[in-house]
Amino acid sequence: MIAAAADYSRWLRVLRLGYAYMRLQLKVIVREPAALFFVAIFPVLFLVIFSSLLTFSIELPPAAAGAGEIRFSQYFVAGIMGVAIFGTSFNLLGNSLAVQQFDGTLKQLAATPLPKTSFFLGQIGASLVITLGQLIVMLILGVLAYDVQLPDAGGWLTLIWILLLGVPAGCVMGIAITAIIPSARAAPAVIQAPFILFQFISGVFFTLASLPTWLQWVAGLFPLRWVAQGLRSVFLPDAYKYAEADMTWQLDLAAIVLVVWIVLGLAVAAFTFKWDRSG
Amino acid sequence: MPPAIEVRGLVKRYGEIRAVDGVDLTIESGQVYALLGPNGAGKTTLVEIMEGYRDRDAGEVAVLGLDPGSQRDALTRRVGIVLQRSTPMEGLTPRELLSFTAKLYEHPMAVDEALELVGLTEHADRRGSKLSGGQKRRLDLATSVIGNPDLIFLDEPTTGFDAAARRQAWNVVQGLTERGATVLLTTHYLDEAEHLAREIGMIKDGKIIFEGGIAALRREMQTDTRISWLPPAGLELDNLPAAWSELRRAADGHIALPTQTPTRDLRELIAWADERGLAELPELVVERPDLEQMYLELVEDAAADAERAPL
Chain E
1 MIAAAADYSR
11 WLRVLRLGYA
21 YMRLQLKVIV
31 REPAALFFVA
41 IFPVLFLVIF
51 SSLLTFSIEL
61 PPAAAGAGEI
71 RFSQYFVAGI
81 MGVAIFGTSF
91 NLLGNSLAVQ
101 QFDGTLKQLA
111 ATPLPKTSFF
121 LGQIGASLVI
131 TLGQLIVMLI
141 LGVLAYDVQL
151 PDAGGWLTLI
161 WILLLGVPAG
171 CVMGIAITAI
181 IPSARAAPAV
191 IQAPFILFQF
201 ISGVFFTLAS
211 LPTWLQWVAG
221 LFPLRWVAQG
231 LRSVFLPDAY
241 KYAEADMTWQ
251 LDLAAIVLVV
261 WIVLGLAVAA
271 FTFKWDRSG
Chain C
280 MPPAIEVRGL
290 VKRYGEIRAV
300 DGVDLTIESG
310 QVYALLGPNG
320 AGKTTLVEIM
330 EGYRDRDAGE
340 VAVLGLDPGS
350 QRDALTRRVG
360 IVLQRSTPME
370 GLTPRELLSF
380 TAKLYEHPMA
390 VDEALELVGL
400 TEHADRRGSK
410 LSGGQKRRLD
420 LATSVIGNPD
430 LIFLDEPTTG
440 FDAAARRQAW
450 NVVQGLTERG
460 ATVLLTTHYL
470 DEAEHLAREI
480 GMIKDGKIIF
490 EGGIAALRRE
500 MQTDTRISWL
510 PPAGLELDNL
520 PAAWSELRRA
530 ADGHIALPTQ
540 TPTRDLRELI
550 AWADERGLAE
560 LPELVVERPD
570 LEQMYLELVE
580 DAAADAERAP
590 L
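Same order as they appear, the protein sequences are chains E and C.
Numbering-wise, the first sequence is residues 1 to 279 according to the numbering used here.
Numbering-wise, the second sequence is residues 280 to 590 according to the numbering used here.
Since no wrong hints were added, every one of them can be taken at face value.
Each computed BS3-like pair below joins lysine-lysine, with the alpha-carbon atoms no more than 27 Å apart:
| id | chain 1 | residue 1 | chain 2 | residue 2 |
| --- | --- | --- | --- | --- |
| 1 | E | Lys27 | C | Lys409 |
| 2 | E | Lys27 | C | Lys382 |
| 3 | E | Lys274 | E | Lys27 |
| 4 | E | Lys274 | C | Lys382 |
Read the hints as simulated data drawn from the structure, not as lab findings.
Since the structure is predicted, the reported quantities are computational estimates derived from the model, not experimental observations.
Please model the complete structure; the sequences and the hints are all you need to start from.
What follows is the structure in structure tokens.
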């Protein structure tokens, strides 16, 4: 009984400090306009540019003939939201952690009794808040300017869990990749390369079915493909599932892959993550 | 009261180099202890092992009775650490950073009290990026003490400060000790150690070469008289008297001999010079250097070791 109570209060403390660190982190991010602009506003700009330039309609796969056409912006909004989710979690977090590992900021933090779990929770929480903000802006913009159709009730639900699993999965990747970054200066390059690659093989710009099978498999090992696919199920008419690799949305598989990434990734990160790489 | 820090036979190797080479250290509770030594002497490595940042290759370490290697979580609740490099999060104000830090501890002091203690009350709501170097350093101090630690590590807290800022920082440190905490200060400034610490450990090449009060250090380092002179160019320095044979030449060409028998050594040197027809020993000085001078030489020694050639 006493042990359980002590356990409970210990976890309460971890959550409380995680929340406090999240708020601190949000302040730091919001006050760094350059980084916020490039990572958070960029996908929005992408949406504007692509949707303005590419106004053609996407043809339906033959298997679902007769279900009607959709505008490119409708297709693209799903993909670019996936990019936004990963930009904030994987890209922004990975970069900022790498910089702080080398400049001593995290070393100073490691001098305090802040639990590692609170630290990770705070980072993930901050990414969630920022991503949520991005998605809301994109949705409003998409609906008002580019005639994007909002999802139905089931679609909203999917959108929410994709966000709640996709952001932590991206964060875990961001935390994990710091282990192979040799210096703060190299961080953007080391992170940018896989980030761009993932975008091209995850169905953000081209439909998955148009990629060779082995590339679809490679993409399937990483979270972005499943996030993007889940988002397409939210924003595209159901018949468009025939353009997916498996001719279904595979939402259950998406959830499993993301959860596995979060659990395994956190376990690995807990061992490999370093507070200080300055010396 | 048990000692705040106890270290026995501590060794840390980096490849072939023994950065910490068999250090024993006992630091009693409630005092300021200064770990003094030139750059590269092993101060920071030694302290970072005590802080739990680095692991050790051999030896025992107890900090507040805890092993920093395996009990770091418990240790962080009771120690405050000021690192050598100041890196407060620049987007935050001192008040924001301190409010957050206070939440991490069980019995923190009030944010306003910590601000007051380091003299940052006026700048409490200014962004970190707008603070001066000295103000950032004082924020580091406030961050490290807001949890009311039993032990505070200060790693070169005033390096790079001008005289006024140093004096200000010293006042802050003295304020901390009045609260009853033990302070372990590392510094390469002798006057800083002298001003703040009751006891001093001097470290060189990973070894403690002196331990005790500043008065004892003066006695210890001042026992030797020193004879130095500048051999003229072209003079063969063979068959020097035995006492002189082990010496090395300083960067400016002088050779110096610390000795407790200056009269005898000088007589031998003059006899040697006479045999070579050298009537005057250029720039001959016989002196008793003071502690500051000895320490400066120790520091320069370490810095210039590579440049000096054996005689």
